[in-house]
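> Protein chains in written order, with our numbering: chain A, 2 to 150; chain B, 434 to 1201; chain C, -16 to 248.
Calculated directly from the structure, the hints in this document are not laboratory data. All C-beta atoms in this analysis are idealised placements derived from N, C-alpha and C, irrespective of residue type, glycine included. Hints should not be assumed to be uniformly reliable.
Stated by the list, open to error - A few chain C positions that, by computed beta-carbon distances, are all more than 10 Å from chain B:
1) Ser73
2) Val115
3) Met122
4) Lys132
5) Asp220
To be verified - Okay, derived cross-link-like pairs now, DSS-like style, lysine-lysine, Cα gap no bigger than 27 Å in a straight line:
6) Lys233(C) to Lys1196(B)
7) Lys176(C) to Lys41(C)
8) Lys7(C) to Lys130(C)
9) Lys464(B) to Lys33(A)
10) Lys439(B) to Lys83(A)
11) Lys890(B) to Lys20(C)
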Amino acid sequence: MNITLTVNGKKRTAEISPDDFLLETLRSLGFKSVKRGCDTGSCGLCTVLVEGKPVLSCSYLSARADGHEVTTIEGAGEEAKKVASALVGEGVEQCGFCSPGLVLSILGMKKELGSSATDDQIKNYLNGNLCRCTGYEGQLRGIRQYLEV
Amino acid sequence: MKVIGKSYDKKDGIRLAMGAPAYTEDLYDTKSYLTVKLLRSPHPFARIVSIDTSEALALEGVVAVYTHHDVPKTQYTRAGQNFPEPSNYDKRMLDEYVRYVGDEVAIIAAETERIADEAMKLIKVEYEVFEPVIDAEKAIGHPSIIHPEGVIENIPSGADVENNIAATYVLAYGNLEEAFSKCTHVVEHKYYTQAQAHVMMETHRSNAHLDHNDRLVVTTSTQVPFHARRILAHALDLPVSKIRVIKPRIGGGFGGKQALHTEFYTAFVTLKTGRPSMLTYTRKEAFESTYTRHPMVFTYKVGADDAGIIRAIKVNGISDTGAYGEHARTVFSAACLKVLSMYNKMEAFDFEGNVVYTNRTPGGALRGYGTTQGVFAIESAINELAHQMAMDPCRIRELNHTAEGETHLVYRAFGSDGIKKPLKLIENNKMSTCIEHGKKLIGWEEKYGKPQVNGNKVRGVGMALSMQGSGIPSIDMGAAIIKLNEDGSFNLMMGATDLGTGSDTVLAQIAAEVLSVPLEKISVHSSDTDVTPFDVGAYASSTTYITGTAVINAAEDIRSQILNEGAAMIEEAPEQCEYDGERVFCGEKSINLADLAMKLLYVKNQKQLVGHGSHVTEKSPPPFLAGFAEVEVDMDTGEFDIINYVASVDGGAILNPKLALIQMEGGLVQGIGMAVFEDVKFIDGKLKTNSLLEYKIPTRSDVPKITVDFVESYEPSGPFGGKSVGEVCINTPSPAIADAIFNATGVRIRKLPVTPEKIILGKLGHDV
Amino acid sequence: MLTIREYARPQTMDEAMTLLKSNKKSQVLGGGMLMLKLGDKTIDLAVDLVDLGLDYIKPIENAVEIGAMATFHSIETDPYLKNCFSGMWSDAMKYIVGVQFRNLATLGATAYSKYAFSDPNTALLALDAELVMYGDRRMAFDEFLAKRKRRFDILEKIVIKNPETTKAAFDSIRRSKGDFAVLNAAASVCDGKYRISVGIRPRVAKLAVGAMAYLNENGLTPETAKTAAKMAADELDFATNLRASGEYRKAVAPALIERVLLKLL
Chain A
2 MNITLTVNGK
12 KRTAEISPDD
22 FLLETLRSLG
32 FKSVKRGCDT
42 GSCGLCTVLV
52 EGKPVLSCSY
62 LSARADGHEV
72 TTIEGAGEEA
82 KKVASALVGE
92 GVEQCGFCSP
102 GLVLSILGMK
112 KELGSSATDD
122 QIKNYLNGNL
132 CRCTGYEGQL
142 RGIRQYLEV
Chain B
434 MKVIGKSYDK
444 KDGIRLAMGA
454 PAYTEDLYDT
464 KSYLTVKLLR
474 SPHPFARIVS
484 IDTSEALALE
494 GVVAVYTHHD
504 VPKTQYTRAG
514 QNFPEPSNYD
524 KRMLDEYVRY
534 VGDEVAIIAA
544 ETERIADEAM
554 KLIKVEYEVF
564 EPVIDAEKAI
574 GHPSIIHPEG
584 VIENIPSGAD
594 VENNIAATYV
604 LAYGNLEEAF
614 SKCTHVVEHK
624 YYTQAQAHVM
634 METHRSNAHL
644 DHNDRLVVTT
654 STQVPFHARR
664 ILAHALDLPV
674 SKIRVIKPRI
684 GGGFGGKQAL
694 HTEFYTAFVT
704 LKTGRPSMLT
714 YTRKEAFEST
724 YTRHPMVFTY
734 KVGADDAGII
744 RAIKVNGISD
754 TGAYGEHART
764 VFSAACLKVL
774 SMYNKMEAFD
784 FEGNVVYTNR
794 TPGGALRGYG
804 TTQGVFAIES
814 AINELAHQMA
824 MDPCRIRELN
834 HTAEGETHLV
844 YRAFGSDGIK
854 KPLKLIENNK
864 MSTCIEHGKK
874 LIGWEEKYGK
884 PQVNGNKVRG
894 VGMALSMQGS
904 GIPSIDMGAA
914 IIKLNEDGSF
924 NLMMGATDLG
934 TGSDTVLAQI
944 AAEVLSVPLE
954 KISVHSSDTD
964 VTPFDVGAYA
974 SSTTYITGTA
984 VINAAEDIRS
994 QILNEGAAMI
1004 EEAPEQCEYD
1014 GERVFCGEKS
1024 INLADLAMKL
1034 LYVKNQKQLV
1044 GHGSHVTEKS
1054 PPPFLAGFAE
1064 VEVDMDTGEF
1074 DIINYVASVD
1084 GGAILNPKLA
1094 LIQMEGGLVQ
1104 GIGMAVFEDV
1114 KFIDGKLKTN
1124 SLLEYKIPTR
1134 SDVPKITVDF
1144 VESYEPSGPF
1154 GGKSVGEVCI
1164 NTPSPAIADA
1174 IFNATGVRIR
1184 KLPVTPEKII
1194 LGKLGHDV
Chain C
-16 MLTIREYARP
-6 QTMDEAMTLL
4 KSNKKSQVLG
14 GGMLMLKLGD
24 KTIDLAVDLV
34 DLGLDYIKPI
44 ENAVEIGAMA
54 TFHSIETDPY
64 LKNCFSGMWS
74 DAMKYIVGVQ
84 FRNLATLGAT
94 AYSKYAFSDP
104 NTALLALDAE
114 LVMYGDRRMA
124 FDEFLAKRKR
134 RFDILEKIVI
144 KNPETTKAAF
154 DSIRRSKGDF
164 AVLNAAASVC
174 DGKYRISVGI
184 RPRVAKLAVG
194 AMAYLNENGL
204 TPETAKTAAK
214 MAADELDFAT
224 NLRASGEYRK
234 AVAPALIERV
244 LLKLL
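Next up, chain A with everything else stripped away, as it sits in the complex (with noise of 0.2 Å):
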């Protein structure tokens, strides 16, 4: 079946089995940012942003994505830019395969929670996008730099 999405603004439209999911979608349509970590919605290195929120696009069907916004990190403009900085400068992107994800979730967290958002909340918001190199403990003190400006 065909579907057409917007994404990052645009409007795309792509030839899709009902079974595909939006991660398969997206990366056929040249999105190579959204990267699968694992084959059950545990991981969040697939995180996007459909209409803002961020969601896990391995579990979201594309048929279900037809008609509506999607945002990868190659859309996600300069507030993403300062999220990735705010990270790199702390040193924690290593790998930099959840490191996509996490901007995006961190994006979603700040118009949700703001920019006074506590320590817990941050955590407990950010608790699905798992990283295995940094420890977790720089990240934080690279949101909170981004928070702070």
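Got chain A sorted already, so can you dock chains B and C onto it with the hints?
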């Protein structure tokens, strides 16, 4: 120093964080490449009686299906180690025998993933099922022989396949009986470490294609590109010259990619079909069909005299290497060598054990590499000894640990390989300072021996020591090439493998420092076997220590060439000239670097300046770490929080403080994962924890307050005084947390992981 | 692997039911696909409820209606619900993976699927809640858990009574905060009537009716909470799964239930 010791950002940091398509699965044409999938065994131990692929082949879009009849019968090891590998050659690409649930049975190459999955269902296999060996402690002498056809040992390792023994390791010194007779306090206990999974965020994957020169090019998520090239050549019976291996950006490894996994299959499919192919392991395959940390059992008998001096240690161990013996002997020997050598006041020790085959997912390299398992056992035993003697655990360490300038017994002993180990002094060792700092940072004096009780919650502290190595002496080699570009910038080419750690950046810092230029002047290209010089790869905490010196050698080489050529350009003798990073000058005469570089390519005395250097070392200077944990336990439910974890580490001079800190924090959290959350669980030979739903690594809400303290020292044999920190950080959490729990609750847990359930069941009298 | 042959997005409940009945191997897509995609299932016709406007949270007289497609995240952040049930809903949801998961998972799907590993199901059972199915067919949640489901049915909403006057609490024991709980419990009181539910036993949540009757008669004090907790642990059955043994669950259930009851004071 201008560049060393500064916290530069990773060169690839911002682009990767913004999602640059730089990983293996981003770099191929999804439409023209075949998708490769592997059919896997549902049985822990069986023989393939017949395999019928006709229906699968008839499916439209299926290009090939291969069975053990179609592939070379060569036995090899997948372990990425120096040649000749000390791991048994016991694995075939596809075999008549399947030795664990998840072992490869057939290779499917199809136009799309969907078709490959459909084809898999159509392959009919008839198995003769055998009784599997599922308990390592019962493997020796089990009626089932897992490798009945035998294995090839490059280095005699004591393999005895009739008894399911992959390797044996024995190291002993002195008269154990006499030494124990002088001990007034003896403890003897058995300790179990569980298998741990790497859970690197990017699973294993590779693609292969034949280039315009008809050479096989394999792009793979690997830690060991050069070993990959050699092992592929061996497995496929192809000359090394026909193979190129490229490592792009990769999403972590932690030792899980210090071996070959997918590469055999994409290479084989591409060679046979002439078409490029891609294979990406699912997370399930990464759990079931790559490898885990070797689970081990150690019986430790430790004796001390009245003064608290540990005089005798006896160790019996079993390491479970699963179906195949990658890294079997070397991991087990590290559990001896890097562990017993922490304490050097003993008169005698005996370490013996076997690495056994079982019908489980194989064991392999995982950060810490045997030292982790050994540290849990020895530190727990010493903590128990201290408790029995009513001695502060820090005190017993202070009395016994190998101190700076001292040697240790393991280097006096004759090993089972018959190689006499030279007497080595540990010249650079700040363990005492690490213990001192760590104690202060956790508040040890105020807290040890005084568990704070608040209602049903109790707090306690515990500690442990660890050391590791920095590279493998006389074996690990790295090399670097530097060339000068016309704008005065440099290309640094190294085989060294950046798995996200930032080694590209740190090694560039080293080059920049030696060349006296800003970091931006160094562009890095790494891990391409055609273009970059040899490097063993990223393991054994070797990259900064070994490749770092190779980079210094290469930079010094080209620096002297710059001086010579610059001198010639300004018509002075090189001895009269100086180079300061910006120009070559002598008195009033000078030529700046960019100008010199441009002239050398286009105008005068034309030549391409290239510096090169290699490095191998006789030493492996250990980093030292003292780890301290404080826990708070709910005595009614066993739930506990780690309130604080302190690690004080001597990693030598720290070349990039920010990146070193992240290595420490990341490794500590992985260690906490092994101590508390992670557990590879098999039931009847089937892996139950084969997804991230069941296997839990720490989440960000699970991470305690972590305090990292760097005790800087200067290691003369290391680049700018550096050693390593990459692995040592993972070892201490298990024993430190276990002892903290004991000190709070009185429950002694000797089987990892430490869980609330074990605390409660331990209180009820169960053996935990 | 999940296979879907055909996908439909009806615009009304009637259209959805017609589609559902039209194909024997049809399936409602009501939740976030999170559990559905884990199995090896073939769905001939997937009927997606996403356009039916069922993602509301609506206070009505003496009750609140939660539409079948309301997500965990919308429930835990809803300004009205934050002040209801003592704010229990955010406790019941906060350790479920992360926000990107909770923006997909729906209370409707979780309740309708009777997931045993679920925190929200235990919380829901402790409240006076009923499921409203297509055609305004209503059933109390505890009855729903005990009965077999109809072959063709669509959950429209969950109605929970007395949101502003019910005190409620939830707690769990879990190892990692990203993991399923090892054991969970919830309790509520409204007009002196107590409900205690315990879940992940590892079977699905169940009411501890004996303990509830005891509290209805004796009221709640720290002493009666202890007794009731022990009664509840004794009357329920516990078993072993990959995460914990039955022996452990039974040993710690009293402490967990007591913790929850004390929160009601």
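> Please go over all the hints and tell whether each is borne out by the structure.
Each hint tested on the structure:
1. Ser73: Ser73(C) is indeed farther than 10 Å from all Cβ atoms of chain B, at 15 Å.
2. Val115: About 31 Å separates Val115(C) from the closest Cβ of chain B, which puts it past 10 Å; holds.
3. Met122: The claim stands: Met122(C) keeps its Cβ more than 10 Å from every Cβ of chain B (closest is about 30 Å).
4. Lys132: Holds, because the least Cβ-Cβ distance between Lys132(C) and chain B comes to about 24 Å, which exceeds 10 Å.
5. Asp220: Correct as stated: the minimum Cβ-Cβ distance to chain B is 18 Å, above 10 Å.
6. Lys233(C) to Lys1196(B): 14 Å, holds
7. Lys176(C) to Lys41(C): 25 Å, holds
8. Lys7(C) to Lys130(C): 21 Å, holds
9. Lys464(B) to Lys33(A): Cα-Cα ~15 Å, so holds.
10. Lys439(B) to Lys83(A): 22 Å, holds
11. Lys890(B) to Lys20(C): Judged against 27 Å, a Cα distance of about 41 Å means the pair is violated.
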